[in-house]
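**Q** Protein chains in written order, with our numbering: chain A, 22 to 283; chain B, 22 to 283; chain C, 22 to 283; chain D, 22 to 283.
Treat the hints loosely; a few may be bogus.
No distinction is drawn between identical chains; accordingly, a pair holds when it is met within one copy or between any pair of copies.
Result set (SDA-like, lysine to any residue): computed pairs, CA atoms no more than 25 Å apart in a straight line [what the hints assert, rightly or not]:
#: 1; residue 1: Lys127; residue 2: Arg95
#: 2; residue 1: Lys23; residue 2: Ala205
#: 3; residue 1: Lys74; residue 2: Pro203
#: 4; residue 1: Lys23; residue 2: Ala267
#: 5; residue 1: Lys127; residue 2: Pro148
#: 6; residue 1: Lys74; residue 2: Asp209
#: 7; residue 1: Lys74; residue 2: Glu102
#: 8; residue 1: Lys74; residue 2: Glu151
#: 9; residue 1: Lys74; residue 2: Cys177
#: 10; residue 1: Lys127; residue 2: Arg175
Derived by calculation from the structure, the hints in this document are not laboratory data.
Number of protein chains: 4
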Amino acid sequence: MKIDLNADLGEGFGPWTMGDDDALLQLVSSANIACGFHAGDPLIMKRTVLRAKELGVDVGAHVGFPDRQGFGRRPMQIPVEELAAIVTYQLGALDGIARSIGARVKHMSFHGALGNMAASDAALAQPLVEAVAAFDPRLLIVSSTSAAIEGAARTCGVRVAITFLADRAYDDDGLLVPRGRPGAVIHDQQVVLERVRRLLREGRVVTASGGSLAMPAQSILLHGDNAEAVSFARTVRGAIEEAGGAIVPVSQIPGGFDARPS
Amino acid sequence: MKIDLNADLGEGFGPWTMGDDDALLQLVSSANIACGFHAGDPLIMKRTVLRAKELGVDVGAHVGFPDRQGFGRRPMQIPVEELAAIVTYQLGALDGIARSIGARVKHMSFHGALGNMAASDAALAQPLVEAVAAFDPRLLIVSSTSAAIEGAARTCGVRVAITFLADRAYDDDGLLVPRGRPGAVIHDQQVVLERVRRLLREGRVVTASGGSLAMPAQSILLHGDNAEAVSFARTVRGAIEEAGGAIVPVSQIPGGFDARPS
Amino acid sequence: MKIDLNADLGEGFGPWTMGDDDALLQLVSSANIACGFHAGDPLIMKRTVLRAKELGVDVGAHVGFPDRQGFGRRPMQIPVEELAAIVTYQLGALDGIARSIGARVKHMSFHGALGNMAASDAALAQPLVEAVAAFDPRLLIVSSTSAAIEGAARTCGVRVAITFLADRAYDDDGLLVPRGRPGAVIHDQQVVLERVRRLLREGRVVTASGGSLAMPAQSILLHGDNAEAVSFARTVRGAIEEAGGAIVPVSQIPGGFDARPS
Amino acid sequence: MKIDLNADLGEGFGPWTMGDDDALLQLVSSANIACGFHAGDPLIMKRTVLRAKELGVDVGAHVGFPDRQGFGRRPMQIPVEELAAIVTYQLGALDGIARSIGARVKHMSFHGALGNMAASDAALAQPLVEAVAAFDPRLLIVSSTSAAIEGAARTCGVRVAITFLADRAYDDDGLLVPRGRPGAVIHDQQVVLERVRRLLREGRVVTASGGSLAMPAQSILLHGDNAEAVSFARTVRGAIEEAGGAIVPVSQIPGGFDARPS
Numbered sequence: 022m023k024i025d026l027n028a029d030l031g032e033g034f035g036p037w038t039m040g041d042d043d044a045l046l047q048l049v050s051s052a053n054i055a056c057g058f059h060a061g062d063p064l065i066m067k068r069t070v071l072r073a074k075e076l077g078v079d080v081g082a083h084v085g086f087p088d089r090q091g092f093g094r095r096p097m098q099i100p101v102e103e104l105a106a107i108v109t110y111q112l113g114a115l116d117g118i119a120r121s122i123g124a125r126v127k128h129m130s131f132h133g134a135l136g137n138m139a140a141s142d143a144a145l146a147q148p149l150v151e152a153v154a155a156f157d158p159r160l161l162i163v164s165s166t167s168a169a170i171e172g173a174a175r176t177c178g179v180r181v182a183i184t185f186l187a188d189r190a191y192d193d194d195g196l197l198v199p200r201g202r203p204g205a206v207i208h209d210q211q212v213v214l215e216r217v218r219r220l221l222r223e224g225r226v227v228t229a230s231g232g233s234l235a236m237p238a239q240s241i242l243l244h245g246d247n248a249e250a251v252s253f254a255r256t257v258r259g260a261i262e263e264a265g266g267a268i269v270p271v272s273q274i275p276g277g278f279d280a281r282p283s
Numbered sequence: 022m023k024i025d026l027n028a029d030l031g032e033g034f035g036p037w038t039m040g041d042d043d044a045l046l047q048l049v050s051s052a053n054i055a056c057g058f059h060a061g062d063p064l065i066m067k068r069t070v071l072r073a074k075e076l077g078v079d080v081g082a083h084v085g086f087p088d089r090q091g092f093g094r095r096p097m098q099i100p101v102e103e104l105a106a107i108v109t110y111q112l113g114a115l116d117g118i119a120r121s122i123g124a125r126v127k128h129m130s131f132h133g134a135l136g137n138m139a140a141s142d143a144a145l146a147q148p149l150v151e152a153v154a155a156f157d158p159r160l161l162i163v164s165s166t167s168a169a170i171e172g173a174a175r176t177c178g179v180r181v182a183i184t185f186l187a188d189r190a191y192d193d194d195g196l197l198v199p200r201g202r203p204g205a206v207i208h209d210q211q212v213v214l215e216r217v218r219r220l221l222r223e224g225r226v227v228t229a230s231g232g233s234l235a236m237p238a239q240s241i242l243l244h245g246d247n248a249e250a251v252s253f254a255r256t257v258r259g260a261i262e263e264a265g266g267a268i269v270p271v272s273q274i275p276g277g278f279d280a281r282p283s
Numbered sequence: 022m023k024i025d026l027n028a029d030l031g032e033g034f035g036p037w038t039m040g041d042d043d044a045l046l047q048l049v050s051s052a053n054i055a056c057g058f059h060a061g062d063p064l065i066m067k068r069t070v071l072r073a074k075e076l077g078v079d080v081g082a083h084v085g086f087p088d089r090q091g092f093g094r095r096p097m098q099i100p101v102e103e104l105a106a107i108v109t110y111q112l113g114a115l116d117g118i119a120r121s122i123g124a125r126v127k128h129m130s131f132h133g134a135l136g137n138m139a140a141s142d143a144a145l146a147q148p149l150v151e152a153v154a155a156f157d158p159r160l161l162i163v164s165s166t167s168a169a170i171e172g173a174a175r176t177c178g179v180r181v182a183i184t185f186l187a188d189r190a191y192d193d194d195g196l197l198v199p200r201g202r203p204g205a206v207i208h209d210q211q212v213v214l215e216r217v218r219r220l221l222r223e224g225r226v227v228t229a230s231g232g233s234l235a236m237p238a239q240s241i242l243l244h245g246d247n248a249e250a251v252s253f254a255r256t257v258r259g260a261i262e263e264a265g266g267a268i269v270p271v272s273q274i275p276g277g278f279d280a281r282p283s
Numbered sequence: 022m023k024i025d026l027n028a029d030l031g032e033g034f035g036p037w038t039m040g041d042d043d044a045l046l047q048l049v050s051s052a053n054i055a056c057g058f059h060a061g062d063p064l065i066m067k068r069t070v071l072r073a074k075e076l077g078v079d080v081g082a083h084v085g086f087p088d089r090q091g092f093g094r095r096p097m098q099i100p101v102e103e104l105a106a107i108v109t110y111q112l113g114a115l116d117g118i119a120r121s122i123g124a125r126v127k128h129m130s131f132h133g134a135l136g137n138m139a140a141s142d143a144a145l146a147q148p149l150v151e152a153v154a155a156f157d158p159r160l161l162i163v164s165s166t167s168a169a170i171e172g173a174a175r176t177c178g179v180r181v182a183i184t185f186l187a188d189r190a191y192d193d194d195g196l197l198v199p200r201g202r203p204g205a206v207i208h209d210q211q212v213v214l215e216r217v218r219r220l221l222r223e224g225r226v227v228t229a230s231g232g233s234l235a236m237p238a239q240s241i242l243l244h245g246d247n248a249e250a251v252s253f254a255r256t257v258r259g260a261i262e263e264a265g266g267a268i269v270p271v272s273q274i275p276g277g278f279d280a281r282p283s
């Protein structure tokens with residue numbers, strides 16, 4: 022069994038840091054790199070891509086709302102034509118930085134409130150996925166389970182890989198319970214670890230309402246906000262290896278939803 | 022004789038506009054499009070590239086300091102490693118937007134204070150030109166006359182085309198007299214027009230000190246800040262056509278400094 | 022009859038201008054000055070306050086979302102504790118600039134999406150009006166008709182004056198029809214002028230559904246986006262004077278909702 | 022002997038933190054609070070002022086360049102009229118937040134590159150100190166030793182208190198050696214502690230060239246970037262108490278340069 026470990030990286034800004042990127046980069050197979058809108062700046066992006074390249078970690082664009090102060094977590098109502106251009110801009114910026122140092126952007130994902138809104142609203146998912154496809158139809162979209170994203174991918178001829186957020190509650194449609202709602206974030210590491218093990222064993226997750234949901238993930242998202250988080254990420258990696266899993270970049274794992282012409 | 026007419030375009034931001042882009046796009050052969058740092062935003066960039074493509078106008082990246090409030094005209098001391106990443110980010114962002122709509126970025130230029138500083142400081146020009154070459158060695162750098170830029174281009178294997186700023190005073194080294202100094206900007210349109218005519222006739226310009234300087238330009242920069250400026254741009258275009266000149270994108274005109282491997 | 026004419030001013034940013042502030046300042050009795058979040062910057066604020074002071078125009082703070090690119094017109098979901106601090110910050114900034122040149126901020130209003138959201142949501146209006154009262158309980162809140170704002174003012178002991186937006190459609194609760202909805206903005210100047218005249222004559226407005234609504238306004242909002250708008254503002258001013266009205270700053274007109282201790 | 026301990030606080034932004042503000046607030050007598058331009062945001066400012074008030078720590082405005090990404094450490098050339106308005110804006114913003122919660126801003130200081138430039142350039146110090154005096158002539162300016170700041174204070178009728186940066190090298194004019202120059206920042210804590218002790222004992226500092234300079238400081242600046250820095254700040258506090266010094270807010274200590282009318 023092959024599975025990808027990915028993490029949101031390069032989330033500092035100017036003098037400010039967030040999380041222990043270097044520790045996480047040694048644990049993951051794919052990096053979602055902030056593109057300067059909700060977090061990140063050109064120099065941080067460059068250094069993060071360089072370090073990922075050195076460590077053989079795949080590079081992806083983590084695209085968010087233009088709201089640094091709110092870290093892209095505050096819902097904003099932006100006309101879709103403008104939002105699509107905002108997505109393209111960020112994809113291009115990271116791509117330019119990656120190409121300049123001989124790396125390649127292989128996947129992308131939507132961050133925070135933009136991700137939640139796109140995952141639950143087909144009318145928003147469609148123009149955003151179109152923007153990704155127009156930029157580069159080979160770019161893999163990494164997303165939590167979402168009928169809206171998969172539906173848009175179908176019409177655009179792109180591939181979606183599913184990532185599992187082990188410490189986030191899911192509703193019965195497979196959508197993440199929004200941050201801020203009670204129980205949205207699971208803090209008990211034993212519970213989180215058990216969710217990872219169930220995913221590996223059964224390919225299923227227990228939802229917020231207690232139901233059992235198929236979770237056809239090719240990838241697991243790790244966090245690295247503090248020393249404890251990094252140590253837990255190491256535990257998750259250990260659990261995968263113990264279960265005989267191979268940790269491989271998501272771009273190299275078949276599955277998910279693939280609408281690319283064969 | 023072939024000559025390029027170019028203008029700085031897409032210099033609005035959000036709800037704010039600057040200049041009459043549509044009128045200018047019908048006069049120029051190349052557009053220098055702001056990339057969201059000193060001016061411009063993703064939607065303005067997209068619309069400007071779309072319109073340029075419709076009109077057959079070449080698209081270039083106009084790269085500036087991260088200083089929207091100062092319009093990139095205030096000198097900033099930023100470490101060169103960071104400044105190089107800032108340049109790459111902007112090139113990538115416009116390139117992503119252009120590729121998404123089937124257009125191509127063919128040239129780039131440095132805006133405002135960044136342009137003045139790079140043109141007069143070889144230690145700054147070198148890493149910035151390296152950043153351009155690392156991004157895409159076929160990208161043409163459009164610059165006012167500058168030994169620093171040409172020297173850096175020589176070591177990087179890229180091409181520099183010279184643009185003539187008809188309404189700006191030059192010193193005897195061919196550098197622009199910085200904005201803010203007396204006489205830096207020439208407001209008398211008759212004088213400006215005479216400078217254009219002399220360029221076309223003799224390939225020379227009269228400097229601020231009264232000397233005569235060779236000005237081997239392939240391009241002339243137009244402004245379009247107001248209705249009068251647009252009407253004057255039309256006059257310049259007329260003068261060129263009267264002199265038998267053909268107005269052609271700078272990327273199609275040989276000359277300037279070319280260090281690309283042949 | 023006394024009535025205030027007010028306008029949103031100082032809405033430029035850095036090199037960009039918006040509207041003809043100088044022309045409008047000669048027509049209005051009160052100025053709503055952008056505080057650097059949705060528009061405006063320190064220098065523009067200072068110059069606008071200086072010019073208002075010279076002309077005897079009252080100065081007010083026009084407080085908006087932290088979203089310059091969207092001009093504060095895009096709804097954002099920001100936790101109320103943070104939003105209250107954002108309001109206080111802007112009030113303080115303009116107050117500091119006004120005090121430094123011997124002027125005084127006498128009123129405030131909420132701009133754009135923030136204004137619409139506060140006017141229609143008591144849970145949002147309450148902490149925002151509390152922030153105004155904590156900053157300065159003598160500050161007059163100028164608002165379009167809103168039960169939410171008046172309810173909050175009642176508990177906070179501040180005064181609300183009503184401003185009439187002659188070119189905007191109202192629903193039957195007295196709330197503005199949001200921009201973007203069909204018919205939200207009335208473009209026919211004869212219709213707008215007739216609405217002003219009806220207000221002066223009857224104190225009523227015809228709503229979007231065709232009903233007649235009491236509009237107990239002490240103030241009328243003018244726009245000055247372009248030459249035509251300024252000329253129309255002049256017409257409105259003329260209509261008031263013709264009807265025997267005196268144009269006086271809103272802070273000097275009793276009425277509206279006053280919960281200040283007497 | 023009375024001496025003030027102060028520290029730069031509230032230097033986070035949005036989701037990002039910097040330093041251990043809570044630990045430092047328990048050690049200092051005065052807090053220099055970032056005002057949202059080089060660091061800080063409205064909510065962080067409010068929380069920092071609230072906590073300072075609870076702990077009886079004096080509140081001051083730490084005013085910087087409009088350059089968050091560069092943390093206000095990159096020199097920028099901004100016309101002085103605009104820079105003065107930028108200073109006033111920040112003073113007003115913090116003042117508004119402080120007044121709203123019943124606190125008072127008692128002092129101010131210039132941060133980073135702005136501080137260095139003002140301290141060494143009388144033509145810049147003059148309009149900036151005038152801006153402070155126009156805002157509130159009772160506001161105490163806390164500065165490292167600077168003839169330029171003191172000269173401006175003389176003409177403006179304000180008071181300057183001197184703060185000693187124990188871990189920064191001084192030149193023979195009493196100006197800080199700019200960050201980035203070799204030896205500008207002293208990392209050896211034993212050396213720093215010895216400099217504090219010499220200040221307390223002799224009122225002098227050894228300059229970068231080895232000379233001995235009078236350092237008539239009423240205040241010592243502490244840092245709190247990391248756990249080690251906080252522990253060192255505690256050591257400095259202990260050294261002062263050991264030497265029989267009383268730690269008191271700088272606004273309560275006479276001395277420095279006082280040009281206020283008596």
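**Q** I'd like to know which numbered hints this structure contradicts. Please list them from smallest to largest.
**A** 1, 2, 3 and 6
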